[in-house]
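Participant: Sequence:
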Amino acid sequence: MKNNQVMEATQRLLAMWESGDLPQAVAHTMLKRKSGDRPSDSWSLANQILTFINGTEDARGFRQWEQVGRHVLKGSKAIYILGPVARKIKEKNTETGEEEEKTIITGFKSIPVFRIEDTEGKAIEDSRPDYTPPVMPPLMNVAKAWGIDVKYQGGNTRYYGAYYPGKDAIVLCTHDVTTFFHELSHAAHHRIRPLKGGQDSTQEIVAETSAAILCLMYGYEGYVSKARDYVAHYAKMEPQECTKAVMRAISDIEKVLTMIIEEAEQQSTTDTAKAV
1 MKNNQVMEAT QRLLAMWESG DLPQAVAHTM LKRKSGDRPS DSWSLANQIL TFINGTEDAR
61 GFRQWEQVGR HVLKGSKAIY ILGPVARKIK EKNTETGEEE EKTIITGFKS IPVFRIEDTE
121 GKAIEDSRPD YTPPVMPPLM NVAKAWGIDV KYQGGNTRYY GAYYPGKDAI VLCTHDVTTF
181 FHELSHAAHH RIRPLKGGQD STQEIVAETS AAILCLMYGY EGYVSKARDY VAHYAKMEPQ
241 ECTKAVMRAI SDIEKVLTMI IEEAEQQSTT DTAKAV
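Numbered by UniProt numbering, the letters in the sequence shown go through residues 1 to 276 in order.
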């Protein structure tokens with residue numbers, strides 16, 4: 001039954017993308033940051049990946065640890081993140097003729113930070129705000145079955161979500177279902193073959209197309225319009241032509257969707273058996 005639904009949703013999506021006859025687009029939303037977040041929550045995706053790779057979820061500078069009553073242990077090795085180097089310049093406004101001050105980024109520098117595991121002192125209370133949605137998105141049981149750690153956090157304007165293969169973890173800065181579907185598709189793809197690092201175009205096309213098909217299957221049609229633009233961007237094609245790129249990746253898309261749906265069915269069967 002589900003395989004037929006996948007096929008029907010795939011055909012429907014491709015027809016929509018080719019014709020341009022798309023449902024009204026739903027705007028993406030980002031979770032507004034609240035007080036209580038850790039400094040690293042506002043870092044770039046690359047810097048956050050560094051913290052995960054080094055086995056921690058909280059890293060701060062030497063003085064930042066002192067400010068919360070903790071001290072770096074002697075002999076601890078720093079993790080080096082990248083921070084922008086900025087300077088102010090004066091530039092003439094062509095419209096008013098007056099000089100205005102503006103800040104420009106001239107480069108980047110290495111900044112040493114230390115893991116919480118390499119510090120001692122006052123206990124850090126887990127006072128971080130809870131960004132968990134009141135109702136979890138469909139297929140969250142699949143992530144749970146695969147042992148994927150899914151966390152919601154405040155947005156930092158840089159990204160809506162990310163999948164970390166090394167930690168097998170998903171971080172979401174939005175409650176939008178399509179973003180969870182996208183990252184879950186990355187996780188499934190990684191289980192088929194190890195993902196390449198960075199924003200690989202084929203991997204992004206597989207994840208976004210899979211997410212769009214899942215959106216159609218679960219009644220979230222409003223996200224498929226922007227999904228077409230996303231795929232077109234990575235395919236370097238006009239939106240109405242991006243189905244060509246989808247067809248080149250259709251084998252992996254089918255495998256990803258099959259893996260997710262089969263796991264969802266398995267979990268549904270298990271839940272039913274427990275309820276009896």
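To be clear, the hints were calculated from the coordinates, so they are not data collected in a lab.
Don't take every hint at face value.
[Claimed, not checked] Listed below are the simulated PhoX-like cross-link pairs for lysine-lysine, each with C-alpha atoms no more than 20 Å apart in a straight line: (1) Lys236 x Lys226; (2) Lys167 x Lys144; (3) Lys90 x Lys102; (4) Lys244 x Lys255; (5) Lys74 x Lys34; (6) Lys92 x Lys77; (7) Lys244 x Lys226; (8) Lys255 x Lys196; (9) Lys74 x Lys88; (10) Lys109 x Lys77; (11) Lys167 x Lys196; (12) Lys32 x Lys151; (13) Lys88 x Lys102.
Computed from a predicted model, the values in this text were never measured in an experiment.
Participant: Taken at face value, is the distance from the CA of lysine 88 to the CA of lysine 74 at most 20 Å?
Facilitator: violated (37 Å)
Participant: Given the hint that lysine 88 pairs with lysine 102, test it: the Cα-Cα distance must not exceed 20 Å.
Facilitator: holds (6 Å)
Participant: So if I understand the rule, the pair passes when the alpha-carbon distance is 20 Å or less; does lysine 32 with lysine 151 pass?
Facilitator: Answer holds: lysine 32 to lysine 151 is near 15 Å, not above 20 Å.
Participant: Are lysine 244 and lysine 226 close enough, with their CA atoms no more than 20 Å apart?
Facilitator: holds (17 Å)
Participant: Run the distance test for lysine 109 versus lysine 77: straight-line Cα separation, threshold 20 Å.
Facilitator: holds (18 Å)
Participant: Does the structure keep lysine 92 and lysine 77 at a Cα separation of 20 Å or less?
Facilitator: Given that 20 Å is the threshold and the Cα spacing comes to 46 Å, the pair is violated.
Participant: Check the hint pairing lysine 167 with lysine 144 against an upper bound of 20 Å on the C-alpha distance.
Facilitator: holds (14 Å)
Participant: Do the alpha carbons of lysine 74 and lysine 34 lie within 20 Å of each other, as the hint requires?
Facilitator: Violated, at about 33 Å.
Participant: Is the hinted pair lysine 236 and lysine 226 satisfied, with a Cα-Cα distance of at most 20 Å?
Facilitator: Holds - the C-alpha atoms of lysine 226 and lysine 236 are around 15 Å apart, at most 20 Å.
Participant: Verify the proposed pairing of lysine 244 with lysine 255, using a straight-line Cα cut of 20 Å.
Facilitator: holds (18 Å)
Participant: For a C-alpha distance cap of 20 Å, please report whether lysine 90 and lysine 102 respect it.
Facilitator: The given pair, whose Cα atoms are some 6 Å apart, holds under the 20 Å limit.
Participant: Would you mind confirming whether the straight-line C-alpha gap from lysine 255 to lysine 196 stays at or under 20 Å?
Facilitator: holds (17 Å)
Comparing the model with each numbered hint stated earlier shows that hints 5, 6 and 9 do not hold.
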